[in-house]
Amino acid sequence: KNEVEQSPQNLTAQEGEFITINCSYSVGISALHWLQQHPGGGIVSLFMLSSGKKKHGRLIATINIQEKHSSLHITASHPRDSAVYICAVSLANTGNQFYFGTGTSLTVIP
Amino acid sequence: KAGVTQTPRYLIKTRGQQVTLSCSPISGHRSVSWYQQTPGQGLQFLFEYFSETQRNKGNFPGRFSGRQFSNSRSEMNVSTLELGDSALYLCASSLLSWGGGELFFGEGSRLTVL
Chain A
-12 KNEVEQSPQN LTAQEGEFIT INCSYSVGIS ALHWLQQHPG GGIVSLFMLS SGKKKHGRLI
48 ATINIQEKHS SLHITASHPR DSAVYICAVS LANTGNQFYF GTGTSLTVIP
Chain B
3 KAGVTQTPRY LIKTRGQQVT LSCSPISGHR SVSWYQQTPG QGLQFLFEYF SETQRNKGNF
63 PGRFSGRQFS NSRSEMNVST LELGDSALYL CASSLLSWGG GELFFGEGSR LTVL
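From first to last, the protein sequence lines are chains A and B.
The letter at position 64 of the first sequence is residue 51 when you use my numbering, and the numbering goes up by one with no holes.
So my numbering is basically just the index in the second sequence, starting at one, shifted up by 2.
Just so you know, these hints were derived from the structure itself, not from any lab.
Any given hint could turn out to be false.
What the hints assert, rightly or not - Quick look at which bits of chain B chain A covers, simulated, 3 or more residues with Cβ under 8 Å:
#, region
1, 19 to 33
2, 37 to 47
3, 68 to 80
4, 101 to 115
Unchecked claim - Chain B is nowhere near these chain A residues, computed Cβ spacing over 12 Å in every case:
#, residue
5, Gly3
6, Phe5
7, His20
8, Gly29
9, Val31
10, Ser37
11, Lys42
12, Arg67
13, Asp68
14, Val71
15, Ser77
Claimed, not checked - Distance windows between CB atoms, simulated:
#, chain 1, residue 1, chain 2, residue 2, range
16, A, Asn51, B, Ala4, 35 to 43 Å
17, B, Glu84, A, Ala63, 40 to 48 Å
18, A, Gly44, B, Arg17, 30 to 38 Å
19, B, Ser99, A, Glu(-10), 37 to 45 Å
20, A, Glu54, B, Arg57, 25 to 33 Å
21, B, Gly18, A, Lys42, 33 to 41 Å
Beta carbons: idealized from backbone N, C-alpha and C, even for Gly.
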């Protein structure tokens, strides 16, 4: 059983659509991170959440600690948003030990 | 400021050989963690070092080892390479020690085992 479940695995959207990617986890965590990986391998950290909601430009991330669930939203999607989005959780009381979701491959069509 | 630097970027080895990968974190970051990424398994945690001490280790065989130096640079070593070790190896550094700091990833070292 995976400690971190992400959905959907693949997502194709038209430019301008509102996108939601979901992440559920089953372990106690100290924080949840949303990461973005472009073809070629480079990974960029988008958000770190321990509670509530964060917004950066067209990206919004929320977390519900009680329900062990987080969502990443992209408003007004653009082809440059095409990437793999990965949810990662750091286990409580273990420093920087992370479990990862399998990733959501997003393609935004012009 | 300079990002996380991993070397080498690409390497090809044969079964049974060993390999050493290097990671230089962002200046001031004392936490360095290593990950293996494969198409089948995704990203998996290997180990994490903080101030030269290994604090956590993932579920990998003893052939995978690492260390961190006093300048926070870290190396990981894989001995007796197997075909299944072919993967992208990523390291990340963080300013904080408890999982709540932003992670900065290197570009990775892509290892091919023939």
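### Message
For a quick check of understanding: which of the numbered hints are violated here, in increasing order?
### Response
1, 3, 7, 8, 9, 10, 14, 15, 18, 19 and 21
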